[in-house]
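A.B. asks: Next come the chains, spelled out residue by residue.
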Amino acid sequence: DVKVTQSSRYLVKRTGEKVFLECVQDMDHENMFWYRQDPGLGLRLIYFSYDVKMKEKGDIPEGYSVSREKKERFSLILESASTNQTSMYLCASRKGQGLTGELFFGEGSRLTVL
Amino acid sequence: AQSVTQLGSHVSVSEGALVLLRCNYSSSVPPYLFWYVQYPNQGLQLLLKYTSAATLVKGINGFEAEFKKSETSFHLTKPSAHMSDAAEYFCAVSVVDSSASKIIFGSGTRLSIRP
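First to last, the sequence lines map onto chains A and B.
Sequential numbering of the first sequence, starting at 1, is according to the working numbering.
Sequential numbering of the second sequence, starting at 1, is according to the working numbering.
Don't read these hints as lab results, they were simulated from the structure.
Some clues are possibly wrong.
To be verified - Below, in silico cross-link-like pairs of lysine-lysine (DSBU-like), each with a Cα-Cα straight-line distance of 30 Å or less: (1) K3(A) with K69(B); (2) K71(A) with K55(A); (3) K49(B) with K55(A); (4) K95(A) with K49(B); (5) K3(A) with K95(A); (6) K53(A) with K58(B); (7) K3(A) with K70(A); (8) K69(B) with K13(A); (9) K71(A) with K57(A); (10) K53(A) with K70(A); (11) K70(A) with K57(A); (12) K3(A) with K68(B); (13) K71(A) with K49(B); (14) K95(A) with K70(A); (15) K53(A) with K13(A); (16) K57(A) with K58(B); (17) K49(B) with K3(A).
Using the sequences plus the hints, can you model the full thing?
C.D. replies: Take a look at the structure:
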């Protein structure tokens, strides 16, 4: 089974802190994604990566950056956390460059910024 | 731009009743569509996907969806609801962006089951 593991299920940070959310997948998938989930807004794509060291902005990249130094790991970075970044963050991976492949999700990281 | 719209943020049905969750897509090309389910405190998992092989797609847990091009719809149904179906359901579409493909989600529909 594909496994996507997010390093922290729950985090509490203070405004202005730098936050790292880590995601690791074990099925050699080329593509990895970070989504943000908020009530009534569904999942919104922050950043995605289709290869090592490659990254593409999603729909809401402002205030975030990413790093993909190894194929299995995709990190989401909040350089200076703000209260409006309190949310559930979901990492996912996907095989290949076609349009039919499904996403495999981690269990999510719930971030609270005080 | 390709997108999906889910009608109804919350649907409540009685146990044993028909479940109908609505999704409409916007696309100028044949879309690749998905339904995902999210149980409380978990990530999303795939229920089913449409890839143009057949208009009626069967998924896990007794769910199915029918692709209707004339109505630009991909509604999710289940003949008889079970208490364990209570969850949030997301419709999604696969699109090409730059040199890669990504999946865009609808806003979700929370399904409640009444005993």
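A.B. asks: Compare the structure with each hint and give your call.
C.D. replies: Going down the list of hints, with the structure as the test:
1. K3(A) with K69(B): Not OK: K3(A) and K69(B) at ~35 Å, beyond 30 Å, violated.
2. K71(A) with K55(A): 12 Å, holds
3. K49(B) with K55(A): 26 Å, holds
4. K95(A) with K49(B): 15 Å, holds
5. K3(A) with K95(A): 13 Å, holds
6. K53(A) with K58(B): This hinted pair is violated, its Cα atoms lying about 38 Å apart.
7. K3(A) with K70(A): Satisfied, since the Cα-Cα distance of roughly 16 Å is no more than 30 Å.
8. K69(B) with K13(A): At roughly 47 Å apart (the allowed maximum being 30 Å), K13(A) and K69(B) break the hint.
9. K71(A) with K57(A): 18 Å, holds
10. K53(A) with K70(A): 8 Å, holds
11. K70(A) with K57(A): Within the cut-off at roughly 19 Å; holds.
12. K3(A) with K68(B): This hinted pair is violated, its Cα atoms lying about 33 Å apart.
13. K71(A) with K49(B): 26 Å, holds
14. K95(A) with K70(A): The given pair, whose Cα atoms are some 15 Å apart, holds under the 30 Å limit.
15. K53(A) with K13(A): 27 Å, holds
16. K57(A) with K58(B): 33 Å, violated
17. K49(B) with K3(A): 20 Å, holds
Against the hints set out earlier in the document, violations occur for numbers 1, 6, 8, 12, 16.
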